[in-house]
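Take the sequences, apply the hints, and build the full model.
Protein sequences, first through last, are from chains A and B.
Just so it is clear: in the first sequence, position 117 is 117 by this note's numbering, and no numbers are missing.
Just so it is clear: in the second sequence, position 273 is 273 by this note's numbering, and no numbers are missing.
Think of the hints as simulated: they come from the structure by calculation, not from any bench.
Remember, it's a predicted structure, so these values are computed and weren't measured experimentally.
Hints may contain errors.
[Claimed, not checked] No farther apart than 25 Å at their CA atoms in a straight line, the calculated lysine to any residue pairs in the SDA-like style are these:
hint: 1; chain 1: B; residue 1: 231; chain 2: B; residue 2: 401
hint: 2; chain 1: B; residue 1: 58; chain 2: B; residue 2: 209
hint: 3; chain 1: A; residue 1: 288; chain 2: B; residue 2: 35
hint: 4; chain 1: B; residue 1: 289; chain 2: A; residue 2: 185
hint: 5; chain 1: B; residue 1: 277; chain 2: A; residue 2: 276
hint: 6; chain 1: B; residue 1: 289; chain 2: A; residue 2: 208
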Amino acid sequence: MSRADTSRAGSPRAGSPRARVSRAEAPSAVRTPSPLWSFGLLRSELLITFRRWRTLALLGVLAAVPVLVGIAVKIETSDGASFGGGGGGGGAGPAFISQISNNGLFLVFTALAATLPFFLPMAIGVVAGDAVAGEANAGTLRYLLVAPAGRTRLLLTKYATVIAFCLAATLVVAVSALAVGALLFPVGELTTISGTRITYAEGLGRALLIALVVAASLVGVAALGLFVSTLTASGIAAMATTVGLLITVQILDQIPQLDALQPYFFSHYWLSFADLMREPVYWDDLVKNLGLQALYAAVFGSAAWARFTAKDITS
Amino acid sequence: MAPIDSDDNTTAGEGEELRAGRRRAARYVVPVAVMGVAAATIGLVPALADSGDPDLPKVTAEQLIEKIAKSDVEQLSGTVRISTDLGLPDLGGLESGLMSGMSGGPGPGGDEDGSAADPSAKLTELVSGTHTLRVAADGPDRQKLSLLENAAEYSLIHDGKDVWGYDSESNEVYHATTSGSAEQPEKEVPATPKDFADQALKAVDGTTSVTVDGTAQVAGRDAYRLVIKPKQEGSTVGAISVAVDAETGMPLKFTLTPSSGGAAVVDAGFTKVSFAKPDASTFDFTPPKGAKVTEADEAPEHGRKAEGGLAEEMDGLKGTDGLKGTDGPKVIGEGWNSIATFDTGGQGLPTASAGGDLGGFLGSFGDQVKGDFGSGTVFKTRLVNALITDDGKVYAGAVTKDALVKAADAAQ
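So this is what it looks like as structure tokens:
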């Protein structure tokens with residue numbers, strides 16, 4: 001990693017022509033857009049990312065969370081008592097946990113509520129932080145840029161891959177929770193948190209919608225991670241920075257004195273996905289959340305672009 | 001952030017480096033511009049959306065009050081945002097602990113825990129902080145009020161003879177039956193702007209000035225602004241402003257500002273409202289499988305005092321019936337400046353010197369005052385103040401500290 005940092009100090013004559021070449025190439029790549037070629041790049045990126053042991057391990061850990069929650073609730077309620085109901089201790093644990101023993105579908109919501117604050121964004125941070133910096137670290141970034149892709153397109157491909165991972169990670173949690181919930185607990189009609197009843201099919205629809213919203217909630221962290229990743233040539237440093245920022249923001253979000261700033265923290269509206277379980281759905285916070293994620297994606301996406309397209313790639 | 005190249009000081013490279021550096025820096029204009037646009041949008045859109053005060057035919061205050069009285073909105077659904085800032089010390093978790101302690105007192109059957117879905121305990125939460133409520137009504141027999149919480153909701157549903165309280169967080173249900181439709185459970189605690197406005201209009205008498213102060217837009221509807229102000233000095237109430245829907249006469253927003261200035265003590269207003277008939281399924285409720293159901297008659301009689309909460313505070317404005325529960329409160333003064341007084345017959349509060357630690361603790365919440373009456377402690381909120389003298393007399397009302405001391409002096 002230190003090599004990458006010091007390489008900047010190397011001869012500018014060696015760096016500049018290369019940068020100039022790739023910049024000159026970018027327009028030509030735009031002029032001959034080959035969508036097939038772009039898809040090829042995206043496909044190879046996706047394959048590389050999802051074949052990594054690291055990625056598979058992350059997904060495995062995420063899939064294990066609903067299993068653990070499900071088994072814990074099953075043991076807790078095996079004597080027939082409803083979870084948290086007897087002791088009047090409602091409010092402990094993640095959202096919806098008291099309803100799991102009555103309807104397995106709630107395990108999906110609980111699992112997402114449990115993983116969204118840390119597990120999911122941490123996984124995203126690892127993948128996003130690794131996206132550019134990892135290539136630089138491994139010395140493969142310059143070979144990628146030799147292909148007539150253009151840096152902008154490469155960056156977009158990287159971002160698309162990270163977004164695909166967001167979706168995959170969320171769906172892994174949701175599907176695992178759905179399966180565990182259906183195995184361990186009864187399923188059927190369910191009661192929304194507003195007290196109205198919906199059919200199981202509609203409940204499944206809402207679960208899917210919630211999974212999509214949760215995936216979209218991670219778009220901001222993904223952009224942030226990608227930007228950090230363009231700043232350094234060390235994959236580890238980028239991952240650590242992204243996860244560190246994530247934890248810092250989560251802590252700041254708990255400090256009441258900062259309530260004027262908190263609506264602008266990317267994690268502030270994360271749990272608003274639960275509003276989809278109200279009847280009628282309460283959209284205000286959901287819309288704010290999605291808008292905020294789009295803003296983070298735009299700001300840090302363009303910052304990543306500004307950094308990456310102007311950077312001297314020496315490794 | 002732009003890469004700082006060069007230990008290389010050749011003059012030939014420098015001009016080129018500078019240009020390249022500038023080009024690089026120029027790219028950062030994009031994220032900065034995006035942020036600028038976002039900031040401008042956040043700042044400007046509310047200002048642009050505010051299309052100014054609507055043009056409405058002029059009405060007098062009397063006509064407007066009559067309009068409110070005649071208002072017969074039976075069907076509505078909407079979202080209400082309510083903020084209360086009584087200036088009570090923010091006790092955070094301790095507060096909710098106290099609340100549950102109050103509602104969870106030992107009952108007849110020795111059953112320790114009350115239901116988390118008991119409306120009286122739950123709606124007391126409205127006394128402080130900012131909350132979002134959803135209301136729906138379809139005639140006098142069917143109403144629903146939901147308190148939106150983080151990933152949970154507390155719903156109070158009145159459907160014919162049944163009153164259901166459902167707390168989704170603990171999955172507990174509270175059930176009561178009413179003899180008829182006469183009793184409206186929602187009215188136990190004022191929550192909607194209409195409840196507050198009704199309370200405020202009760203207070204209108206000779207000591208009050210009522211004016212129509214232009215128009216406003218509330219929840220996308222045109223409304224008149226009715227301003228109620230005490231004429232006398234010494235009240236802690238600065239002004240009460242009620243936005244009244246021009247079409248239906250329904251109060252849409254209620255704001256109570258204290259005379260000491262600052263943020264509103266109570267601010268309750270619709271952010272969304274519709275006068276269409278709500279979906280019938282809104283009022284259907286069957287306890288979910290596995291939910292713990294508490295029947296009202298089985299539920300331990302508890303916490304009834306807490307139920308008053310905000311209502312008491314509102315009644316306290318007039319001082320007259322705010323202290324119903326106590327024996328023989330006398331009322332000094334009239335109108336907004338009325339002060340309720342009663343003699344506890346006891347020792348008053350333990351003071352720091354006499355009462356040891358407890359006295360010191362209580363004393364720290366209040367101000368020590370001295371006057372012709374002797375000395376005592378004033379407990380202040382932003383709306384209601386109370387003076388407890390050392391000889392056990394209590395003076396309370398929505399008046400300033402000075403007015404309380406004066407009243408105590410006069411009573412001497």
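Hint check:
1. 231/B with 401/B: Holds, at roughly 18 Å.
2. 58/B with 209/B: 18 Å, holds
3. 288/A with 35/B: 16 Å, holds
4. 289/B with 185/A: 12 Å, holds
5. 277/B with 276/A: Cα-Cα ~22 Å, so holds.
6. 289/B with 208/A: Roughly 23 Å between the alpha carbons, so the hint for residue 289/B and residue 208/A holds.
Of the numbered hints given earlier, the model fails none.
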